[in-house]
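With chain S held as given, fit chains Z and X onto it using these hints.
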Amino acid sequence: MKNKKSLLHSISAAPHIFWAVLFIVVPLIIVIFYAFTVQNPDGSYTFSFSNIASLPDYISIFGLSLELSVIATAVCLVVGYPLAYIMARSKPKTQKILVMLLMLPMWTNLLIRTYSLMAILDNNGILNQLLGTSFQIVGTKGAVIFGMVYDFLPYMVLPIYTCLSKIDKYMWEAAADLGCDTPKTLVKVILPLSRSGIISGVTMVLVPSIRTFSISQKLGGGTFELIGDTIERQFVTGALNVGAAISLVMMVLILISLTIMNKFGDSEDGGIIV
Amino acid sequence: MKKTVSLLLLISILSLLLLTSCANSKETVTEVKDPVYKRGEVVSLNVYNWGEYISDGSEGIYDTNKEFVKYFNENLSEKYGGITVEVNYSTYPTNEDMYSKLKNGASSYDVIIPSDYMIERLISEGMLLRFDVEKDIENFHYIIDSFKKPYYDPDGAYSVPYTYGMLGIIYNKTLVDPLDIDEEHELSWGLMWNEKYSGNILQFNNPRDAFATAMYWKGLDVNSTEAEVWDEALELLKEQKQLLQGYVSDEIFNKMCGESAAIAPYFVGDFLTMVDKQPNLDFFFPREGVNYFVDAMCIPISTKHPSIAKEYINFMLSPEAAIANAEYLGYASPHSYVVNDEDYIAYMEDFGYEGPNGETAYDLLYNNDPATVNERYNALFSNDDIKDPACYRNFTPEIQSRVNTLWEELKISGSTELWVHITSIGIVVGVVALAVYTTYVKKKRSRFYRERDKASRSAK
Amino acid sequence: MKKYASIIYISLIFAVLYIPIATVILFSFNSENNTAEFMGFSLRWYIELFRSEDAWIALRNTIILAVSSSLLATVIGTAAAEGIYRMRSKLVKTAITSVTNIPMMNPDIVTGMSMMLFFAAIMGIFAIRDYNSIGFLAMLISHTTFCLPYVILSVLPRINELGNSLSEAALDLGCTPIQAFFKVKLPNILPGVISGMVMAFTLSLDDFVISYFVGPTNFQTLPLLIYSMTKKTVKPDMYALSTIIIISVFILLFISNMRSFKKNPEPRKIKKKVGGAR
Chain S
644 MKNKKSLLHS
654 ISAAPHIFWA
664 VLFIVVPLII
674 VIFYAFTVQN
684 PDGSYTFSFS
694 NIASLPDYIS
704 IFGLSLELSV
714 IATAVCLVVG
724 YPLAYIMARS
734 KPKTQKILVM
744 LLMLPMWTNL
754 LIRTYSLMAI
764 LDNNGILNQL
774 LGTSFQIVGT
784 KGAVIFGMVY
794 DFLPYMVLPI
804 YTCLSKIDKY
814 MWEAAADLGC
824 DTPKTLVKVI
834 LPLSRSGIIS
844 GVTMVLVPSI
854 RTFSISQKLG
864 GGTFELIGDT
874 IERQFVTGAL
884 NVGAAISLVM
894 MVLILISLTI
904 MNKFGDSEDG
914 GIIV
Chain Z
137 MKKTVSLLLL
147 ISILSLLLLT
157 SCANSKETVT
167 EVKDPVYKRG
177 EVVSLNVYNW
187 GEYISDGSEG
197 IYDTNKEFVK
207 YFNENLSEKY
217 GGITVEVNYS
227 TYPTNEDMYS
237 KLKNGASSYD
247 VIIPSDYMIE
257 RLISEGMLLR
267 FDVEKDIENF
277 HYIIDSFKKP
287 YYDPDGAYSV
297 PYTYGMLGII
307 YNKTLVDPLD
317 IDEEHELSWG
327 LMWNEKYSGN
337 ILQFNNPRDA
347 FATAMYWKGL
357 DVNSTEAEVW
367 DEALELLKEQ
377 KQLLQGYVSD
387 EIFNKMCGES
397 AAIAPYFVGD
407 FLTMVDKQPN
417 LDFFFPREGV
427 NYFVDAMCIP
437 ISTKHPSIAK
447 EYINFMLSPE
457 AAIANAEYLG
467 YASPHSYVVN
477 DEDYIAYMED
487 FGYEGPNGET
497 AYDLLYNNDP
507 ATVNERYNAL
517 FSNDDIKDPA
527 CYRNFTPEIQ
537 SRVNTLWEEL
547 KISGSTELWV
557 HITSIGIVVG
567 VVALAVYTTY
577 VKKKRSRFYR
587 ERDKASRSAK
Chain X
706 MKKYASIIYI
716 SLIFAVLYIP
726 IATVILFSFN
736 SENNTAEFMG
746 FSLRWYIELF
756 RSEDAWIALR
766 NTIILAVSSS
776 LLATVIGTAA
786 AEGIYRMRSK
796 LVKTAITSVT
806 NIPMMNPDIV
816 TGMSMMLFFA
826 AIMGIFAIRD
836 YNSIGFLAML
846 ISHTTFCLPY
856 VILSVLPRIN
866 ELGNSLSEAA
876 LDLGCTPIQA
886 FFKVKLPNIL
896 PGVISGMVMA
906 FTLSLDDFVI
916 SYFVGPTNFQ
926 TLPLLIYSMT
936 KKTVKPDMYA
946 LSTIIIISVF
956 ILLFISNMRS
966 FKKNPEPRKI
976 KKKVGGAR
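Sequence lines, in order, name chains S, Z and X. Read in order, the letters of the first sequence correspond to residues 644 to 917 in our numbering. Read in order, the letters of the second sequence correspond to residues 137 to 596 in our numbering. Read in order, the letters of the third sequence correspond to residues 706 to 983 in our numbering.
Treat the hints with care, as some may be off.
As the list claims (entries may be wrong) - Computed beta-carbon distance windows for the label pairs: (1) X:Ser736 - Z:Pro533: 48 to 54 angstroms; (2) Z:Arg588 - S:Leu698: 23 to 29 angstroms; (3) Z:Pro171 - S:Phe692: 43 to 49 angstroms; (4) X:Val780 - S:Pro835: 31 to 37 angstroms.
Stated by the list, open to error - Which residues of chain S face chain X? A partial, calculated answer using Cβ under 10 angstroms: (5) Tyr677; (6) Phe679; (7) Tyr798; (8) Ser839; (9) Leu891; (10) Met894; (11) Thr902.
Because the hints were derived from the structure by calculation, they are not lab data. Idealized CB from N, CA, C, for every residue including glycine.
With the rest of the complex left out, here is chain S (with noise of 0.2 angstroms):
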């Protein structure tokens, strides 16, 4: 019995693990060796700390690109719960086509749709001649935020969607006969049941979020940069070794973010206690 669980476990990992080591360790290992090199002008590669050491310049870089997407993911939380709960409590039929419509948007192309954004948003654009108005949205730091909300938001509700149905209709009979009335249930009963939707969410919103580059240069109308667009800048202006230092580093941040989410959102002593 032990053995047969174990080997099973071993097997149906197995592909994945060749997978990452192949795919993802080695091009990594790649990264790491341009992050911690630098060029000669003969070619060749010698080992230095002076892209890591260059990287105290990106700081503001860095926390301007965690605080937007910080604000992103809030707002998506924000929206997309109340969003997913109503979808989760409503009709079987409602809920599967609400779905459908919700993945519908990301069918097309980023591309197109961030110039019909920016066709809708711009200062002579669609809205602002409705308006008979030139307020200036594109360019503006708020304008980069919406345009993560909008990307990112089905990432946020369909994760939280997925938990909510699962739980027990009579989750909500049972509370309330111990006594809780709705918002209290909400609080202490359904969100923490949802919280490994919500931490699925929030990661799946959040980390695009801080990579993202483009969305912010064309919403934002590039007046300032986020990380993405400069570890871009650095690898198409040849500076392949400060670029993967740059995303090294980043890459460091992100994981780091994921651990202590992890160990708030993971721990495996169920969920219901809070």
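Leaving out everything else, chains Z and X in the frame of chain S:
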């Protein structure tokens, strides 16, 4: 677990070996021979070009690649032993993107069309195929003399010019006061620093072109190797940042055509594309000097079909293809047949652009008025060692990284709005507080249960 | 009252989500080459689109790639999630999930660039001269790699929630571990698997950066085509293509949903049983 670790180690060692071997295996290839073609073989020619930089057959116009395939398979197939050819056409957004893919990549291209300074760089790194341009490319005699042996390819042995163009300022006639353009300010780059148009000015979103606008304005050398010159330009750009609506790249078309911005620097060929859609736009070459560039067709050293690549380049210079491309692009052509072709001249003159003094699109491209600009171009190709500030030259790595650093400084400059800091810090503090509270409650509760259990046990 | 509030809330969010899409659809019918001002109704861009072979080849390539990479990612990812769930050592668990998450944490450009360098090295080792011959494989591997974390992230919570009791019961009742997985566990985690697969599919469908760096010249995908067509202005033919895609996907999903309603009028009953088991 141990196995995984050892596997991991093995793979990392292998990949490091691999990297070093790749880094060192830079043989200098000078000659690429054609493979032996079999009868009936289908050969793919990989062409790598800018986006929307070739007449592509949309809306029934001339389809360059299709016509080449047709021409080759009908006329040249036998010359290469009965093969048929197909074109794999792909595009890149910037010179630098093209370079990084060509340099590091897993790629095989046969024809590329980079800009001047990039050609200079590719030549210096031995990445282009050297060939006898005049002999191998039959139609090369069409190229105007001043474009033969140009500044970026002084031997004239690596490149065949495709288009050339100039930078200038595009503005919206209804939004910009004409006084600010010529009467008071005499066609100056200073228009982009005019506070009257705060919030309506666009700037390039790449360091090279953005710095150049400031440098032309103040008469600085755009290829300078002195740090102070770049610092001076940076100060100008920082000053300008307050007035900008944004730093843009391709969005410039939508912004100018949709009248969301009033002033933007861009290339004359693209201005013609824009004015076609938005007649309120106009254009001028600032008198302090402008950028001048040539895009030329080259063959990378990694090509597998050098002769067919040459046939492709030759086909691009055939009058029919050259005219179709010149009309589609709106960029100036270095092709003597094209610039003298009556149909082409008529097409450009009826383009739907009329300048303040009745200039047509043709005048704008080939007959640059103000005269100073015109002279400059004529002077440009008259001698071999040109140090004209109008053209971009290849940066040294030091200057490139310096410019990158300054660009970052520009992007960082200007404060972030306070609400961003307050909100994000508030959220983080809130989450941390919640986490601490939750852990506290959890601990308290487990202690409660533990004590209750203990109590009940002792009661027993 | 409450019901109306939730209807208003949902409609508000969906309105915001759909206004840009509606704009795309509207301007695909524009009579002029303009995506900012509606000049009049015409089918011009659809005719233009149907004439261009490139768009259809690119669409076909994109679908082939998205289907194969999302399927591959789903199979590997689901198996991996099961494996990770069963792992004892917390350290190994964390190590594997962290490594898996790397493509998700990296900006696409880093993944794309490192993949490009990786395949360039592979070409060096195996002395492959023509990149186009391994180009599709390289695309498939890269897309599967960056889809994997999303699949695992959406399957793992389901497995965690389901717990082990069900499959243990199945084992006790004489199932082989494989049977237990396919007959008992999989149906219960299926929503997570499907949402992971759909997510992987949409990600692969929309990817530009990685495809740009890894892509061979003989395998153009739709995002690459769209990027090359938007160098100047976005032409409405690309809007027309997006419209066709979104409407056909809508119809497809709608039909499949309708059919599943008929086949299985009360899909929630199964879920209730699961809830009870937990």
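Do the hints match the structure? See the list:
| no. | hint | result |
| --- | --- | --- |
| 1 | X:Ser736 - Z:Pro533: 48 to 54 angstroms | 51 angstroms, holds |
| 2 | Z:Arg588 - S:Leu698: 23 to 29 angstroms | 53 angstroms, violated |
| 3 | Z:Pro171 - S:Phe692: 43 to 49 angstroms | 46 angstroms, holds |
| 4 | X:Val780 - S:Pro835: 31 to 37 angstroms | 33 angstroms, holds |
| 5 | Tyr677 | 8 angstroms, holds |
| 6 | Phe679 | 14 angstroms, violated |
| 7 | Tyr798 | 8 angstroms, holds |
| 8 | Ser839 | 4 angstroms, holds |
| 9 | Leu891 | 9 angstroms, holds |
| 10 | Met894 | 5 angstroms, holds |
| 11 | Thr902 | 8 angstroms, holds |
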